[in-house]
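Listed here are the chains, written in short residue letters.
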Amino acid sequence: MSNSTRTPPGKNTARSQTGAKRGRSAKQRFSGWIEQHIDACADALQRVWTQPLNSLMSLMVVAIALLLPALVYVAGKNMAQFGGSLQNTHRISFYLQPGTSPEQAQALQALMTDHPLVDRVEFISSQQAAADFANWSGLGDVIDSFGGNPLPASLEAHPIDMATDTALQIRDAFASDTAISQVVMDVAWIERLDSLMQLTDRMVLALILVLSLAVLFIIGNTVRTHIAGRDAEIRVMTLIGATRSFISRPFLYNGALQGLLGAALAWGLLLALLQLLAQPAQALLAFYGDEYVFMGMDLRASLFMLAGGLLLGWMGAALSLSRHLNKP
Amino acid sequence: MIRFDEVSKRYAGGHQALKQVSFELDQGAMAFLTGRSGAGKSTLLKLIMLTERPDQGQIVVGPRNILRLSTKQIPLYRRRIGVVFQDHQLLYDRSVFDNVMLPLRIDAYDKHEAARRVRAALDKVGLLSKEKMNPITLSGGEQQRVGIARAVVNRPQILLADEPTGNLDPELAAEIMLLFEQFNQVGVSMLIASHDLSLITRLRHRILTLDQGSLINDEVYPSRRDSQPHGSGR
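Going down the list, the sequences are from chains S and X.
Just so you know, we're using this note's numbering here: the first sequence kicks off at 1 and counts up by one.
Just so you know, we're using this note's numbering here: the second sequence kicks off at 1 and counts up by one.
One thing to keep in mind: the hints can contain errors.
Said to hold, decoys possible - Listed below are the simulated DMTMM-like cross-link pairs for lysine to aspartate or glutamate, each with C-alpha atoms no more than 20 Å apart in a straight line:
#1 Lys-111(X) <-> Glu-35(S)
#2 Lys-111(X) <-> Asp-123(X)
#3 Lys-77(S) <-> Asp-172(S)
#4 Lys-27(S) <-> Asp-110(X)
#5 Lys-46(X) <-> Glu-35(S)
#6 Lys-72(X) <-> Glu-52(X)
#7 Lys-27(S) <-> Glu-52(X)
#8 Lys-132(X) <-> Glu-142(X)
#9 Lys-46(X) <-> Asp-194(S)
#10 Lys-111(X) <-> Asp-43(S)
Just so you know, these hints were derived from the structure itself, not from any lab.
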């Protein structure tokens, strides 16, 4: 074999003739190793590219499987903003016993205001309550027909935050006060919304789990056909000393690439769908108030989706290799 | 370099492929392995490659008992052995150059060093001008030479060949054998399985003869003999 013009003299002469070959520097080995990985990536990319129709079809299935949980996630996010704003109007009404003096009411108001969980307290006199009722319902005559104001005075406490727990604590702190006849708060409503939100969260989670499995098997199956198609190559490589990880590498990269491309496709589809939904959804939301805005996909969820696709693809390929790549 | 101690191999179907075979091949030696089809030649080579395992006996290659190698060590061990197959086992989805490059890619050579070695190996087998071609466009003899270039590109200490001239006409077969002798002269130990007695007896190297799994003859530098008993019986 011819001597190298690149290798320094003396290093190559005797050795090359005897067949010894372990004279490579760590740097050469490292760059060789990096090149192996680049080759494997290029190979993976080429596999997707050379069969565009097949690839597109399986990518589409992956994309739809990833699209579903993402859609439910976006829907849940838009519902959550309702939850937030309904809780915003959240307050606790303490109705006072008839005949409570204004001084007593003022003292109680001061006491409530001092409570660490209370933001502010409004006093609504019996007269104001009647006026509000007449105004709001248009049934002022009904009150008049009672021959006296039947509505009690009340104190309305606004908690410092929106947590149901906070509201309950405030209620419990003052409900037993002798001046108070009744406490009203929309706990049931709040809890119902809370459990609805929890349900959507769980649904997203369940969909992610089930459809992740689907992605795993779709990509696993595509990789299986690749393995079968490269049977001869794998046999030759095994015979001339390829390690299992060397043989596996292009398939793993291919799986990861399929997952990533599938996720990217899902992301594109999602964006298009949201574009389609944005206008009617915004119109619907406008009925409930200006503060509601239609929310699309956020950056964090997008990155999660792409990373998830990549990881699932990798795992699908690994699963397939563990079943279909023969032992050396 | 290679030592077999009482090696026996029976396949799952019950066929006794090798019966208590013992021999030793020194470093730098060249030997032919002959016998009829089914005599156990391929099995013997497969045992050295560790694609099959014996039921009995020990096999030592270089300093080590290879039967004790772990699954992880086997690929590294195989890289020290070059193999030439009767049907070349070339990959037709890539060029001649890339076929010969394969062992170096597996061994993580960097591209410059690898390309230099691939060209040196192709030059040695006389196919440097065809490096860009697809092997399927080459003749049988040329394909076999590509297979040989691939087997030697990693500069193995041992070269095994399983019927390397099985599909070639006598002239091309002689050329291939000449090539093997040249590798042997630079220190590569060689074990070549061939049933072509008329060719190998002419070359005057050691000949190990197998018959129904037993080693029945071990001749060094045999004189010319008639090719009748085990002749090219295909």
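Against the structure, the hints come out as follows:
1. Lys-111(X) <-> Glu-35(S): holds, 8 Å
2. Lys-111(X) <-> Asp-123(X): holds, 18 Å
3. Lys-77(S) <-> Asp-172(S): Violated, because 32 Å separates the two Cα atoms, which is more than 20 Å.
4. Lys-27(S) <-> Asp-110(X): holds, 9 Å
5. Lys-46(X) <-> Glu-35(S): Outside the cut-off at roughly 31 Å; violated.
6. Lys-72(X) <-> Glu-52(X): holds, 16 Å
7. Lys-27(S) <-> Glu-52(X): At roughly 36 Å apart (the allowed maximum being 20 Å), Glu-52(X) and Lys-27(S) break the hint.
8. Lys-132(X) <-> Glu-142(X): holds, 14 Å
9. Lys-46(X) <-> Asp-194(S): violated, 68 Å
10. Lys-111(X) <-> Asp-43(S): Answer holds: Lys-111(X) to Asp-43(S) is near 16 Å, not above 20 Å.
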